[in-house]
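Fit chain P to the known structure of chain F by using the hints.
Protein sequences appear in the order of chains F and P. Offset between the first sequence (1-based) and this note's numbering: plus 2. Offset between the second sequence (1-based) and this note's numbering: plus 83.
If you're looking for bench data, these hints aren't it; they were derived computationally from the structure. Among the hints, a few may not be true.
Claimed, not checked - On the chain P side, residues computed to face chain F include the following (Cβ under 7 angstroms):
1. P91
2. L94
3. A102
4. F186
5. R188
Said to hold, decoys possible - Residues of chain P clear of chain F, computed beta-carbon distances all greater than 10 angstroms:
6. H90
7. D110
8. Q164
As the list claims (entries may be wrong) - Residues from chain P that face chain F, not an exhaustive set, calculated with beta carbons under 10 angstroms:
9. Y115
10. P117
11. Q121
12. F172
13. A174
Keep in mind it's a predicted model, so treat the numbers as computed, not measured. Ideal Cβ positions, reconstructed from N, Cα and C, are used throughout, including at glycine.
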Amino acid sequence: SQTIHQWPATLVQPVGSPLSLECTVEGTSNPNLYWYRQAAGRGLQLLFYSVGIGQISSEVPQNLSASRPQDRQFILSSKKLLLSDSGFYLCAWSYGGGDTEAFFGQGTRLTVV
Amino acid sequence: GENVEQHPSTLSVQEGDSAVIKCTYSDSASNYFPWYKQELGKGPQLIIDIRSNVGEKKDQRIAVTLNKTAKHFSLHITETQPEDSAVYFCAARGAGGSYIPTFGRGTSLIVHP
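Bound conformation, chain F alone (with noise of 0.2 angstroms):
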């Protein structure tokens, strides 16, 4: 079956310094992958998708940056982060076409401090 693994759970990190948040995902090639932020009004923001590897595409221009350095792993990174970079960030992949659902990690919550 497949799983999506995502961490950390929780992140506390102080205003300039770096990021990076990894999720994988298990038992299946080739996947769409997402990362989303969800701030205090619950809506889910798409930031990256990649359709494959070295494939990223941004949503929204933004303080961050995403890679796919393999199939099946996908990195959310910035260099220096802002507080407006605190949210609940979510990981999520799909197959890689029709209609399928997502399916997404557990999130990790960042906070900028």
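Relative to chain F, chain P alone:
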């Protein structure tokens, strides 16, 4: 791109009552409509979905209806229980491109015992 509107943002009901959450979408090419339940501090989990070739689907106390002509779909929960309290998201997923799911802003459902 796709735009999904979800209402209401908050819904408060008494245990045993029914709850209805409504969503509209803009892209007539969308053909897959999942509903997710998110409990506090966790990632969203799929609870039911419907495809464009079906008008209604039911799973125990949960049902979803789809009106493709009007481009709206709804989640119905009957005989609500306190454990149904959570944030619910609707989503629409298109038939082309990278099949990115677009989410509504979420509905916070509170079931009072």
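For each hint given before, does the structure comply? Return the numbers of the non-compliant ones in rising order.
The structure conflicts with hints 1, 2, 3, although it agrees with all the remaining ones.
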